[in-house]
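Respectively, the protein sequence lines represent chains A, B and C. Take 0 as the starting number for the first sequence in numbering that gives the first Met the number 0 and just add one per residue. Take 0 as the starting number for the second sequence in numbering that gives the first Met the number 0 and just add one per residue. Take 0 as the starting number for the third sequence in numbering that gives the first Met the number 0 and just add one per residue.
Some hints here could point you the wrong way.
Once the Cα atoms are required to be at most 30 Å apart in a straight line, the calculated BS3-like pairs of lysine-lysine come out as [stated by the list, open to error]:
| # | chain 1 | residue 1 | chain 2 | residue 2 |
| --- | --- | --- | --- | --- |
| 1 | C | Lys67 | B | Lys109 |
| 2 | C | Lys167 | C | Lys67 |
| 3 | B | Lys109 | C | Lys167 |
Okay, the calculated bits of chain B under chain C, using three or more residues with CB under 8 Å as the criterion [to be verified]:
| # | region |
| --- | --- |
| 4 | 195 to 202 |
| 5 | 251 to 262 |
| 6 | 275 to 287 |
Computed list of chain A residues with no C-beta within reach of chain B, every gap over 12 Å [what the hints assert, rightly or not]:
| # | residue |
| --- | --- |
| 7 | Ala70 |
| 8 | Ala156 |
| 9 | Val179 |
Calculated from the structure, these hints are not laboratory results. Fair warning: this is a prediction, and the values are worked out from it, not measured in the lab. C-beta atoms are modelled at their ideal positions from N, C-alpha and C, and glycine is treated no differently.
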Amino acid sequence: MTEQTTQAPVPVDLTDRRVRKALGRRDWFAHRPLWRQPLTVAALVVVAGWLAVAALANVLAPYDPLQQDDATYAPPSAAHWFGTDELGRDILSRLLFGARLSIPLALVIVVLALAVGGVLGLVAGYLGRFVDEALMRLTDLVFAFPQIILAMAVSAAFGPSTRNAVLALVIVSWPVYARVIRSSVLTVRGEDYLHAARLLGVGPVTALRRDVVPNSVGPAVVLATLELGNAVLMLAALSFLGLGPRPPAPEWGAMIALGSHDLSKWWVSVFPGLAILTVVLACNVLGDALRDRIDPRFAKGR
Amino acid sequence: MSASVAAAGEAPAAARRRPRVPHLVRFLAKRLAVTVGLLWGVTVVTFALVHVVPGDSATANLSEQALNDPALVAAYRARWGLDQPVYVQYLRYLWNLLHGDLGTSQQTGKPVLSDLAHYVPATMELAVPSMVLALLIGTAVGMLAAVRHGRATDQVVRVGSLLGLSTPPFWLSLVVLYQFFYLLGVSPSGGRLSTDFSPPPTVTGMYTVDSALAGQWAEWWDAVQHLVLPVLVLTCLTVATLIRFVRSAMLEVLSTDYIKAAHAKGLPGFTVLRRHLLRAGLVPVITVSGLAFAALLSGTVLVENIFGWPGIGQYAYRSATALDLPSILGVSLFVALVYTVVNLIVDLVYGLIDPRIRLS
Amino acid sequence: MLLATEGLTITLPGGVPVVHDVSLEVGAGEIVGVAGESGSGKSLTAQALLNLLPAGSTVDGAARFDGKDLLGLDRRGWQSVRGAGISMVFQDPTAALHPMLSVGTQLTEHMRRHLGLSRRAARARAVELLDQVRIPDPERTLRSYPHQFSGGMRQRVAIAIALAARPKLLIADEPTTALDVTVQAGILALLSRLRDETGLSVLFITHDLGVLSALTARTYVFYAGRVLETGPTPAVLSTPRHPYTAALLGARPHGATGTGALQPIPGSPVIPGAAPPGCPFEPRCSYAVDACRTAPPELARTGPDRYAACPVAPELEVSA
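Put together the whole structure using the sequences plus the hints.
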C-alpha cells in the first residue's frame, strides 16, 4: 500500500522547459524571443522582400524582361543597373520577373510533394506491414538515384517544359516527406492513448484525423520550409541544364547558363546566382529556426 | 531411453553449429540479396519511365528530315529493337544484363559498359578527393563548432554552412572559374588535361594516378591543376552538409556523462576531444557519409557540365536528353551500385568502430 | 579538514543563482552525506568541486581541498586535482562509461598520467583495482567493453576508474539510484569497505535517506540550493530540527514512524531563480513565522555538532 503512494516531494525536472527557462540556460536560445535572433529576422525580411518583388515585378522592373536591345552585353550602368545579356535584355528586369517564376513554382513543388508524400506516409505508417514495407522499399529506390540525375532523366523523358520540370522535382522529392510523416505516425501509433481510443471504438479515419495528423504537422512544416529552398535550387539546376521553362522565360538558372558562354561578362550570371542564393539561404535559415522551435528533438542540431 | 539421450545430445550440437556460419558472411549475403533487388527495381523503374512518355529515342536522335521518312524511322526502331513490345524489350535487356551485357549506347554507338569504363574513372577522380577532403574538414570544423557551442565561432560556422547549402553549385563553379581562370589566370579553364599533353597509359583511368604510375610528372602536375577547381566546388557543397551533421552529433556526445567523466578524470582537454569525443561522434557521421556521397555524385552532374569534365554526369546528361535507354539504364545501375557499395562500406566501418556492433 | 567550502555560491550562465552560501566539510576518511531532492543544487555543488559546471557559470565563496584553493586553480591545476585529488562516480554507470573504449583503456589512461606508470605497471594496478571492487576475471575485463556487463558491475568498474589515480576524496553522485535494490547494498558495502581499507573520504549524494543512515557519519540536507540542516546522521534522521527534514522523513515511503500514515509535503518545490525572499521552504511550511518571510534564516546551533536554518527549530518537537 505504501509503495503506491510515493509522496516524495515532486522533483524538479531539469529537462522541463519552464525550469530551463528559469535557469536561463544560454544554450537554449532557440526559445529566445524573435527580436533577439537577428539572423531569423533578416531571413524573414528577405523572404518578404522577394514575395513583394514577385507580386510587384511589373511595377518595379524598369524594362520589359523580354525586350531586346542593340546594347548587348552592356556592363552595369545607371541605365541598366545589372547590365544587359547577349540579346540586350535588361538583367535587373529579368531578375525581378524571375521571382515570379521560381518562387511560385517552388511552392507548387513543395505543396504537391508534401501532398503525395504526406498521404503515402500516413497510409504506410498507419497500416504498417506489407503496405509500409513496399512503400519504404520504393523510397529506398528513389534515394538510390542521385536526385538531380533522376530529375534530369524524368524531365528529359517528358520533354523540357515548366510543367515537366515541376513534375520531375515532385517525383524525386516526395519520399522525404513520406519518411518523415511515416515516422511521426509511428511515434504516435505507439502511444497508449491511441490504443485506448481504438478500444473505445474510434475508427481509423477518425483516429488519423484527430490524433495522427495534428502530430505530423510540426515536422511537415519544418521539412517543407527547408525543402522550399531546395526546390528553388533544383529548379534552377534543371533550367540551367536546359530542362526547365523554355526560353525566353526569365528563369534564374537559365540566365546563369547564358552567362557561362562568356566568362568576361560576369554580370550576366553573377546577379541571378545571388538571387537564388538569397532566396535559398533565407528559406534555410527560417527552416532552421522553425525546427528549433517546433521540433525539440532537433533543437541541438541547429 | 537411449534414443532420448541421443536426441538430447544432438540438440546442443546443432545449436552450436549454427553460429559457425560467420556473422559477416550472413550479413554480406543479406546485403547482396538487397542489392540485387534494388538493381532490379532500378531497371523496372527506368524502363517504365522511358516507356510511359510520348517520345522515344528515334525522335530524339534522328534529324527532322529522317523523321519525315517512315522507312528510315522504322529501320531505326528495328535496329534498336524499339518495334518489339515493351515486355520483350525488357526481358531481352534483363537476359543480356545477366550475361554482363549492358547493351549499346544509341548516341555513342559503343557498348554501354565500355562507355562507363571510360567515364566512371573521370568522375571518381573528382568525387573521391572531394569526399575525403569534405570528411576531414567537415569533422574538424563541425567539432570546433560543437565545442564552442553558442559562441561566435559556432555562429560563424553555422552561417558558413548554411551559405554552402544555399549556393547553386553551377553558379559557384562559374564564380571560381571567373576568379581563378579569367581574372587571375592561375587555373586552367576546364577539361582533364591541357592540350599539350596526351592522356597517360590507362591503368585506373584516373589521370593523376596513371601519370604517377607512368612517372610522367609533368602530366601529373597538369592533371592536378585541372582537378583543383572542380574538387574545390564539390568539397564546399559536401562540407556544408557534413558540418551541420557533425556538429549536432558532437553536441549530443558532449552532453553525455562519459565526456564529463573523462574531464573528471583529469585528462587534458585535447585528449578528451581526440579519444573520447571524436570516437563516439564519428559513428553517426560515418552513417551519413553514404548519403553525402550520393549527394556529391549529384553535384558532379552540374560541376562536370561547367568544367567540361568528361565524366559520368555529362554522360548521364547527354543520355537523358537523347532518351538513350541503354545508357540511362547503365548510369542508373552504376549509381545504385555505388550507393549500395558505399553503404556497405559504411556499415563495415561502423562495426569496426563500435564494439557494441562488432561483438553482438 | 580534507575539504572545506565556505559560503559557496553558484550562478549558472544567465545569472540565475542556484546554490547559495553552502559551507561543507569533509574530513579525511569520513563519509559525508548530502541529501536533497532533484534540483536542490546538490549535484551542482559536487560539479563545482570538480569545475564541471557549464561554461559561463560562476562560483563565489571559498573551497579548500587538501591545502589548495580550488576556486583559484587554473586549467593545469584542475587537471592535477581531478582524478588524482577528487574524483567522481556518476548516477548512471551506463551513461558514464564510454561505450567504445575498452575497460582497460578507461581504467589506465588517467592512471598513467597522474601516477606516471608504465603501460605494464598501469595494467597490473588495473587488475588489482578490479579485484578490489570484486570483479571476477579482471584480466578479461580489461579487454571487455562496458556493454558486456550488468548495471551493478558497470558501477563497480566506474568506481575502480574513479579510484585508479589514488584520489583522496570520492564524490559519489547518487551512485545507486539507477541500480536494483539488491545491487545497491553491494555498492554501499563496497564504498564502506574501501574507506576502511584505504582511508578514502566520500561525499555521498543521494535523495534516499535510508541509504544515508547505512553509510554516512554526518549529513547535509539541501533544499533549493541551501543547506537547511546538518549534523550527525543518526541524530538528524531520528530527531530532525528543520521542518523540511521532518517533512522529507515523513514523506519517505518507509517512514521511521511506523504508523504507516504518509504525510505528503504540500505545495511544490521552488524553481531556481524564483525563490521567495525568505526561507525557501516557507511557502510549504506549516510552522512558518514572520521571520521566515523576510530573509533566509542563518544556520544556527541546535545541539552538539548540529545546526538548522530555522528560527523555530529550537522549539520544534517533530516526531518523524
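Legend entry - Hint check against the structure, violated hint numbers in rising order: 1, 3, 4 and 8
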